[in-house]
Amino acid sequence: MPNYFLDNSDLLYHFEKLNIREVVSLYEDNYKQAEKYSYAPVNYEDAIENYRKILEVAGDLAANYIAPTAAAVDEVGATFHDGKVTYAEGTQKSLEVLAKAELMGMIIPREYEGLNFPTTIYMMSVEMISRADASLMNIYGLQDIARTLAQFGDDGQKEKYLPKFSNGEYTGAMALTEPDAGSDLQAVKLSAYQDEKGNWFLRGVKRFITNGNGEVLLVLARTEVGTKDARGLSMLVCKADETVIVRRIEHKLGINGSPTCELQFNDTPAELVGSRRFGLLKYVIYLMNRARVGIGAQSLGIAQAAYEEALNYAKAREQFGTPIYNLPVIANMLIEMKTTLEAHRSLFYDTCVWLDRKEMYEIEVEKLKAEKKSVAEMNDKLKEASRILAFLTPLTKFFLTEGVNKIAYDGMQIHGGTGYMKEFSIERLFRDARITNIYEGTTQLQIVAASGGVLNDAVGEYIGKWLGADYKGSIQDLLKYLLEMREVFSECLSFIKAKKDTSYQDIAMKELVEMYGSLYVGCLLLREANEDSKRLFTARRFVLDSHAKAIKNKELIMSGIYSDILHSDTILI
Amino acid sequence: MAINSIVMVKQVPDTANISGQVMKDDGTVNRALLPAIFNHEDRVALELALQVQDTHGGRVTVVTMGPPRASDVLRECLYMGADEAILISDRKFAGADTLATSYVLSEAINKIGDYDIIFAGRQAIDGDTAQVGPQTAEKLNLPQITYTEEIIKVENGKLTAKRKIEGGYEILSSKLPVLVTVLKDAVSPRPYKARRIMTYKNAKTLLELEKMTEGNSLLYIDQLKEEYIAKKLYIKTLTMDDLKLDVERCGVAGSPTKVHKVESVVLGGGKHDMFEPSKAGIGDLIDKLMVDHIFG
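Protein chains in written order, with the working numbering: chain G, 1 to 573; chain V, 1 to 296.
To be clear, the hints were calculated from the coordinates, so they are not data collected in a lab.
Mixed in with the good hints, there may be bad ones.
[Stated by the list, open to error] Now the in silico label distances, taken between C-beta atoms and shown as ranges:
hint, chain 1, residue 1, chain 2, residue 2, range
1, G, Tyr471, V, His40, 47 to 55 Å
2, V, Leu267, G, Asn312, 28 to 36 Å
3, V, Ile229, G, Ser25, 29 to 37 Å
4, G, Ser25, V, Glu138, 35 to 43 Å
5, G, Tyr44, V, Glu263, 21 to 29 Å
Quantities reported herein were computed from a predicted structural model and do not represent experimental measurements.
Idealized CB from N, CA, C, for every residue including glycine.
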């Protein structure tokens with residue numbers, strides 16, 4: 001029987017080489033949880049064995065239960081009738097089987113019936129679920145909502161909601177977007193007001209809410225009357241009772257199994273999560289950053305599926321008397337796809353580990369403060385992790401979501417006319433991929449978010465260390481390309497800084513983020529190839545390609561090509 | 001009323017992946033070369049037992065007779081939700097045919113006692129005999145419902161089930177206790193539960209505990225066993241001595257079945273006869289079928 005964990009050698013590679021000893025120890029309270037829970041690990045090796053076994057189950061369910069439903073789920077989609085949203089039959093059944101396997105509370109603490117897994121492990125499951133059915137990920141992946149409540153909710157809220165997330169009785173939604181507040185969430189208008197007893201109520205409309213029909217809604221709302229910016233926004237949680245009306249669901253290009261709802265709140269009773277005024281600034285940022293990484297996992301899953309489809313098709317399809325797989329042009333397209341897929345997976349799980357570190361350090365700092373112990377060392381680690389993650393999260397979202405679009409595009413191209421037809425899954429994967437670089441912040445916004453990290457050289461210390469290390473013979477050659485890339489990047493950066501033209505910088509930032517990000521990924525691949533020669537081909541392809549692109553980008557930036565932006569009206573109108 | 005079930009399960013070679021060297025010269029299977037898996041119909045049987053438990057309460061106990069490594073399927077049963085798992089294992093049980101197997105299983109079930117329903121898969125994919133269930137029922141002097149597609153109800157000391165027969169089905173009722181064998185499509189088995197996996201991955205049989213003590217002078221088997229029982233991680237292990245069995249009826253000694261010969265039969269197309277679609281043609285066809293002993 002197929003298994004999306006055991007069959008995927010690249011994913012297994014990343015699992016085997018995980019180094020999350022510190023993170024797991026912090027998650028497990030130095031393994032003290034084992035005294036209380038029979039299913040808590042007693043040491044690091046035991047924890048890894050747990051993760052492996054559970055990922056095997058997820059891989060089995062993804063391959064054998066979920067994947068076979070994907071085509072029908074896409075065809076029927078979630079439906080809306082008489083104000084009620086109904087999942088496609090396959091979606092419903094998949095959610096049931098995932099709940100029975102106790103996988104819906106993977107990142108919820110054990111005291112609330114969850115598995116207390118690190119985010120990195122959870123993301124591996126998200127990748128596999130997405131490979132099986134990208135639209136199911138939009139519901140499965142909402143475990144981040146429970147996680148946000150676990151992080152910031154009070155004891156009563158956690159008690160009330162989390163165990164039911166864990167057992168699959170509740171799913172959630174994050175209600176952020178409004179008709180006039182999409183990328184610009186500061187403009188959120190939905191109002192939250194209090195009665196004389198201090199109880200909160202919600203009134204207003206939210207749009208494009210993934211799984212808005214879920215039982216528990218985290219709502220970004222304006223609690224401070226008269227404010228217009230982020231500082232007037234708070235986060236509230238509510239049960240979707242009769243005062244929450246689903247007005248419609250959207251008809252979409254892809255991820256049809258996931259209902260996208262317009263919600264109307266009619267004086268809905270709600271509770272404040274955390275402190276007032278920190279809704280967007282703290283809690284939504286936390287949730288969004290996790291969700292962005294989640295979309296990375298979704299992209300990886302779709303990309304894996306698209307690659308497999310293309311590879312299988314190329315082997316089976318005969319033209320000119322041979323499987324098209326044997327045609328160099330096709331084989332090369334497949335190699336390009338696989339290189340991107342593997343390079344992006346390396347970036348992705350690196351980002352996940354940094355996310356785990358950052359969150360655990362945060363908790364640890366609080367704990368040390370409460371115990372009145374010295375926090376200096378932990379604070380330094382937290383600062384570093386935060387700085388790196390602030391760059392890696394948008395970079396990952398940018399690279400992986402653009403990457404999956406290209407992989408799905410090429411995957412369809414390899415299918416030829418057949419791939420354009422509904423009968424082959426590549427058609428669905430192509431459509432499903434398209435949303436990934438749009439929602440949870442478009443690529444253009446990810447570049448803006450990553451620009452700070454580029455300008456302040458967020459991962460420079462690591463790049464410097466890795467480029468200065470010793471490598472085996474064949475890898476030494478690749479190192480030269482990366483060293484040159486670093487030079488090229490520095491030249492471009494100095495050029496942009498000296499130019500003092502913010503419009504030009506904004507536009508060129510795409511190339512700068514690409515260069516700097518590829519340099520980082522190139523280093524990751526170099527290190528992998530040094531330890532495992534099987535990975536040399538991926539590293540070589542990626543580094544040579546990134547190097548050539550860097551040279552091209554340098555030419556572009558230094559040519560002053562974007563200066564015509566000053567004349568955009570003349571050009572465009 | 002709480003209903004207690006015993007489920008008979010088997011670890012089988014994964015016959016979906018057979019290669020040339022797997023068949024030994026004597027016609028038996030070289031199990032060491034094949035991955036061992038949980039016989040699917042037995043997993044379905046366990047699911048039915050767990051569904052009865054979901055509705056009526058009671059305990060679900062699984063038993064398997066097999067070599068030490070059969071403990072893998074027992075752990076999988078615990079992952080699914082079984083309350084207790086029991087391994088019946090002894091070198092003297094090796095080479096058992098269905099007669100010897102059902103003898104050992106029935107004696108073990110007698111010893112376990114306190115059951116209302118015994119579930120088993122219809123057959124195991126290695127032998128495909130479908131005999132162990134029925135023979136066990138005979139030895140225990142129990143009524144049996146084979147080829148079960150659905151348990152319709154369990155009430156008032158009776159079980160009603162839908163059973164597949166050629167060209168249709170029949171609905172049978174039996175008083176409890178009863179033995180039920182189950183078809184693979186009866187229900188879809190539930191997935192393994194994450195928290196049970198992490199708990200019971202450490203469950204051990206007596207044989208595995210003994211292995212742990214080998215070469216470790218600091219471990220004493222009795223102490224270790226007590227420890228595992230206290231942690232609820234002990235897989236009860238029954239041997240020949242525990243069951244006080246007749247050695248002549250176990251293993252190879254108790255197995256009259258001998259594999260005479262194994263051959264690979266390739267079904268090829270042969271010559272064919274044409275018959276006219278007329279009365280005379282049909283008459284010729286019937287004559288031919290009678291000559292070939294297909295009719296009459």
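Hints, verified against the model:
1. G:Tyr471 with V:His40: 47 to 55 Å: holds (49 Å)
2. V:Leu267 with G:Asn312: 28 to 36 Å: This hint holds: roughly 30 Å between Cβ atoms.
3. V:Ile229 with G:Ser25: 29 to 37 Å: About 30 Å separates the Cβ atoms of Ile229 (chain V) and Ser25 (chain G), which means 29 to 37 Å holds.
4. G:Ser25 with V:Glu138: 35 to 43 Å: The hint (35 to 43 Å, Cβ to Cβ) is violated, given that Ser25 (chain G) and Glu138 (chain V) are roughly 57 Å apart.
5. G:Tyr44 with V:Glu263: 21 to 29 Å: Violated - the Cβ-Cβ distance for Tyr44 (chain G) and Glu263 (chain V), about 53 Å, lies outside 21 to 29 Å.
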